[in-house]
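Make a model of the complete structure from these sequences and hints.
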Amino acid sequence: MIKSFASEYIFRRAYSVLQCTRFSTASQPITESKLQSFRSEENDPLKHTLDHVGQFYRIPEEEKNIFLYGGLPKSFEIQAKTFNETCLMIRRPSVDVINCLKLIDYTKPTVRFVIFGKKGSGKSLCLAHILHYAHKARYLIVHVPWVGNWMRRCKEISSSETREGYIDLNIDAAAWLVHFKSQNEHLLNNPEFQISQDYVWSKRETTPKGSPLSELVDHGVNRLKYASECVVGLAEEIKHLSRSGHCKTLVAIDGFNAFFYPHTRVFKEKKEVVPPNKVTLTEAFLSLTKFDWNNAAIVTTVDEIAIAEQDHKSHLPRYLLRKEGFEHMDPFIPIFVDNYSPKEFTSCMDYYRERKWVRYYPQQNEELALLSVNNPYNLMHLCASL
Amino acid sequence: MAAIRTFVKNCQIINRNCAVLSPLVQKHGMSQYPSYYIEPVHKKEMQEDLIKSGEIQKLAHLPTKAARNDQSSSFRQDDLVNLFINYVMRNGEKVLARGLVEKAFENIKRIQLEKYHKCDDEEKKAKIELAPRVIFHQAVENCKPILALTPIKRGGVRYQVPVPITPKRSQFLSMKWLIEAAKEKDATMRFHYQLALELIDAANNKGRVVKRKQDLHKQCEANRAYAHYRWS
Numbered sequence: 003m004i005k006s007f008a009s010e011y012i013f014r015r016a017y018s019v020l021q022c023t024r025f026s027t028a029s030q031p032i033t034e035s036k037l038q039s040f041r042s043e044e045n046d047p048l049k050h051t052l053d054h055v056g057q058f059y060r061i062p063e064e065e066k067n068i069f070l071y072g073g074l075p076k077s078f079e080i081q082a083k084t085f086n087e088t089c090l091m092i093r094r095p096s097v098d099v100i101n102c103l104k105l106i107d108y109t110k111p112t113v114r115f116v117i118f119g120k121k122g123s124g125k126s127l128c129l130a131h132i133l134h135y136a137h138k139a140r141y142l143i144v145h146v147p148w149v150g151n152w153m154r155r156c157k158e159i160s161s162s163e164t165r166e167g168y169i170d171l172n173i174d175a176a177a178w179l180v181h182f183k184s185q186n187e188h189l190l191n192n193p194e195f196q197i198s199q200d201y202v203w204s205k206r207e208t209t210p211k212g213s214p215l216s217e218l219v220d221h222g223v224n225r226l227k228y229a230s231e232c233v234v235g236l237a238e239e240i241k242h243l244s245r246s247g248h249c250k251t252l253v254a255i256d257g258f259n260a261f262f263y264p265h266t267r268v269f270k271e272k273k274e275v276v277p278p279n280k281v282t283l284t285e286a287f288l289s290l291t292k293f294d295w296n297n298a299a300i301v302t303t304v305d306e307i308a309i310a311e312q313d314h315k316s317h318l319p320r321y322l323l324r325k326e327g328f329e330h331m332d333p334f335i336p337i338f339v340d341n342y343s344p345k346e347f348t349s350c351m352d353y354y355r356e357r358k359w360v361r362y363y364p365q366q367n368e369e370l371a372l373l374s375v376n377n378p379y380n381l382m383h384l385c386a387s388l
Numbered sequence: 617m618a619a620i621r622t623f624v625k626n627c628q629i630i631n632r633n634c635a636v637l638s639p640l641v642q643k644h645g646m647s648q649y650p651s652y653y654i655e656p657v658h659k660k661e662m663q664e665d666l667i668k669s670g671e672i673q674k675l676a677h678l679p680t681k682a683a684r685n686d687q688s689s690s691f692r693q694d695d696l697v698n699l700f701i702n703y704v705m706r707n708g709e710k711v712l713a714r715g716l717v718e719k720a721f722e723n724i725k726r727i728q729l730e731k732y733h734k735c736d737d738e739e740k741k742a743k744i745e746l747a748p749r750v751i752f753h754q755a756v757e758n759c760k761p762i763l764a765l766t767p768i769k770r771g772g773v774r775y776q777v778p779v780p781i782t783p784k785r786s787q788f789l790s791m792k793w794l795i796e797a798a799k800e801k802d803a804t805m806r807f808h809y810q811l812a813l814e815l816i817d818a819a820n821n822k823g824r825v826v827k828r829k830q831d832l833h834k835q836c837e838a839n840r841a842y843a844h845y846r847w848s
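From first to last, the protein sequence lines stand for chains C and S.
Read in our numbering, the first sequence has 206 at position 204, and its numbers run on one by one without any break.
Read in our numbering, the second sequence has 748 at position 132, and its numbers run on one by one without any break.
Hints are computed from structural coordinates only; laboratory data are not their basis.
Quick caveat: nothing in here was measured; it's all calculated off a predicted structure.
Heads up, the beta-carbon is just placed ideally off N, CA and C, and yes, glycines get one too.
Among the hints, erroneous ones may be present.
Chain S stretches covered by chain C per the calculated footprint, using a threshold of three residues with CB under 8 Å from any CB of chain C [unchecked claim]: (1) 686-698; (2) 724-736.
Pulled a few chain S residues facing chain C out of the computed Cβ check, cut under 7 Å [said to hold, decoys possible]: (3) 649; (4) 718; (5) 746; (6) 747.
Using 30 Å as the maximum straight-line C-alpha spacing, the simulated DSS-like pairs for lysine-lysine come out as follows [as the list claims (entries may be wrong)]: (7) C:66 - S:731; (8) S:801 - C:315; (9) C:83 - S:741; (10) S:792 - S:710; (11) S:834 - C:358; (12) S:784 - C:315; (13) C:345 - S:719; (14) C:121 - C:272; (15) S:792 - C:66; (16) C:83 - S:829; (17) C:345 - S:660; (18) C:76 - S:660; (19) C:358 - S:822; (20) C:83 - S:734; (21) C:83 - S:660; (22) S:719 - C:120; (23) S:829 - S:719.
Printed below as a string of structure tokens:
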């Protein structure tokens, strides 16, 4: 407690000195340490604590590869390209989840987290921070970047051969397998990761028991026809591997409520709407989010943007998950992501000014705080044209 | 008695301002306001200037027009930018026009920051302008023509005569040309991106709009001989 008080005091002093130097008429050389009060020296998410809340940390280039096929919102990626660096703000909800992940008893059934909040409050980036931590802590990552891409913008449809009345999303499933492979490259080389049962795809194609997990993934990538079934099989194998203690898993799903929203934009021939429970991919991830396995943690986000605009009525989990989703996820730990606190807001504005994105004018912070309601997304939009 | 005196005094103030405002009235003939209403003063510095010079005594008791939706006392307020947004606007779609200009400013920032981060030389880095509004002002300034050609009929022949233009007309032409240049683009290109490119080029004294101004000036120079037709 004393430590956090001291660091806040130092932060306030540094900030007030910074403000003074801005208004001073004498040209003083501003030293590095004073300018970087909004930046954290700790770039390792394993060591982030509540003391670091409000500061920005930089994701090194090598570790940015986990987001190669998705995970960071598009507007954030454009911003990272413009600023020449990928910096995330350390915020309280993600630090809370990371602390929980460090303290969970992994012999007990899986713990489920549901991150919720208003539009634009920072849920996806919170998940990105947790993902970075999981990558550093060598978890096996099962990450769905955005379920809305499957339910509302699917690339291709085909009816499933093995399941009656089900729809396969071939290209999306294969793309996800590529994403899974790229995120867990260093772990899939492990010879212990073996399949526990035979997978017979057709008369001539089988993936035998005991072959490495990467073979199952490769099969799905090469043969689009069987990609969705591969994903379902992969989900079962991962659960088996975690139960037997070979690996610790983190399941991270952004926009989880899209799996329960009946009015998708997945259309069969004759423009019939396909509900999510008739899509093969849904089954894989619903089985992964159950609590019938251990040695894993499940972090999901529920977002209004994942469903149709006419139903953007509430941001709360019970409304977004609907009856089936809530019963599936119950019991879960709800994590609320709020708009910026005054300290976080100041930190964000300092960062924008340091990156030369926004030019200072008097009373800028107060004006933008009122206009944006401290909402991160609104602030980003307002600062875009400044 | 006292009431009549203040009424007469007010009438005199109104009459005094009437003379000042009558050219304005002729310009804004469709205004719903009576002629003696004054424009509001938003910026705090301008209000303080009025207080210092004592002008505020004359204006304080005059009825004032309501503030328009795009006017505020914020520092983000820029009269030239508002005027530009109005010129971009079509069919009264102010929200779209404002969005386009704001996106153009965002694109300017992104393009300039890319150049800034790529540049290694410290001196060159310091010279790269990163504020979109500064670039916008510079661009408008660089594209202002000094002379224009008007058709004047003498002896059955129409001659293109070089003629000086007022600063307001010059500013209008500059902004109009910038918008026209941004519209001349590929179908796949976005208007706000093309506008950003045009503004950056114009601020650096290159690009299509500055060329158009220079071509006009060359034409005026070529038609120097007809200049006296203005008065004959």
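A quick look at each hint next to the structure:
Coverage of a stretch by a chain is defined here by at least three residues with a beta carbon nearer than 8 Å to that chain's beta carbons; for the stretch 686-698 of chain S and chain C the count is 3, and the condition holds. Counting residues of the stretch 724-736 of chain S whose beta carbon lies closer than 8 Å to any beta carbon of chain C gives 6, which meets the minimum of three for the stated coverage. At a threshold of 7 Å, the smallest CB-CB gap from residue 649 (chain S) to chain C is about 30 Å, leaving the interface hint violated. Given the 7 Å rule on beta carbons, the hint for residue 718 (chain S) holds: about 4 Å separates it from the nearest Cβ of chain C.
The beta carbon of residue 746 (chain S) comes within 5 Å of a beta carbon in chain C, closer than 7 Å, and the hint placing it at the interface holds. Taking 7 Å as the C-beta cut-off, the interface hint given for residue 747 (chain S) holds, the closest approach to chain C being about 5 Å. Distance check on the hinted pair: residue 66 (chain C) and residue 731 (chain S) sit about 23 Å apart at the alpha-carbon level, within 30 Å; holds. Restraint check: the Cα-Cα separation between residue 801 (chain S) and residue 315 (chain C) comes to about 41 Å, which exceeds 30 Å; the hinted pair is violated.
At roughly 18 Å between alpha-carbon atoms, residue 83 (chain C) and residue 741 (chain S) fall within 30 Å of each other, so this suggested pair holds. Of the supplied pair hints, the one linking residue 792 (chain S) and residue 710 (chain S) holds, its CA atoms being roughly 17 Å apart against a limit of 30 Å. Restraint check for residue 834 (chain S) and residue 358 (chain C): the C-alpha separation of about 40 Å exceeds 30 Å, so the hint is violated. Restraint check for residue 784 (chain S) and residue 315 (chain C): the C-alpha separation of about 50 Å exceeds 30 Å, so the hint is violated.
At most 30 Å may separate the alpha-carbon atoms for a hinted pair to count; residue 345 (chain C) and residue 719 (chain S) meet this at roughly 28 Å. Between residue 121 (chain C) and residue 272 (chain C) the CA atoms are separated by roughly 34 Å; this puts the pair beyond 30 Å, and the hint is violated. For the hint linking residue 792 (chain S) to residue 66 (chain C), the alpha-carbon distance of about 45 Å lies beyond 30 Å, and the restraint is violated. Between the alpha carbons of residue 83 (chain C) and residue 829 (chain S) the distance comes to roughly 36 Å, so the proposed pair goes past 30 Å and is violated.
Simply put, residue 345 (chain C) and residue 660 (chain S) have alpha-carbon atoms about 29 Å apart, close enough for the 30 Å limit, and the pair holds. As the CA atoms of residue 76 (chain C) and residue 660 (chain S) are separated by approximately 39 Å, the hinted pair breaks the 30 Å bound. Taking the CA atoms of residue 358 (chain C) and residue 822 (chain S), the gap is about 25 Å. The hint holds against a cut of 30 Å. Among the hinted pairs, residue 83 (chain C) with residue 734 (chain S) is consistent with the structure: their alpha-carbon atoms are about 12 Å apart, no more than 30 Å.
The straight-line distance between the Cα atoms of residue 83 (chain C) and residue 660 (chain S) is roughly 38 Å, outside the 30 Å bound, and the hint therefore fails. Straight-line distance between C-alpha atoms of residue 719 (chain S) and residue 120 (chain C) comes to about 25 Å, which keeps the hinted pair within the 30 Å bound. Taking the CA atoms of residue 829 (chain S) and residue 719 (chain S), the gap is about 26 Å. The hint holds against a cut of 30 Å.
Violated hints, in rising order: 3, 8, 11, 12, 14, 15, 16, 18, 21; the structure is consistent with all others.
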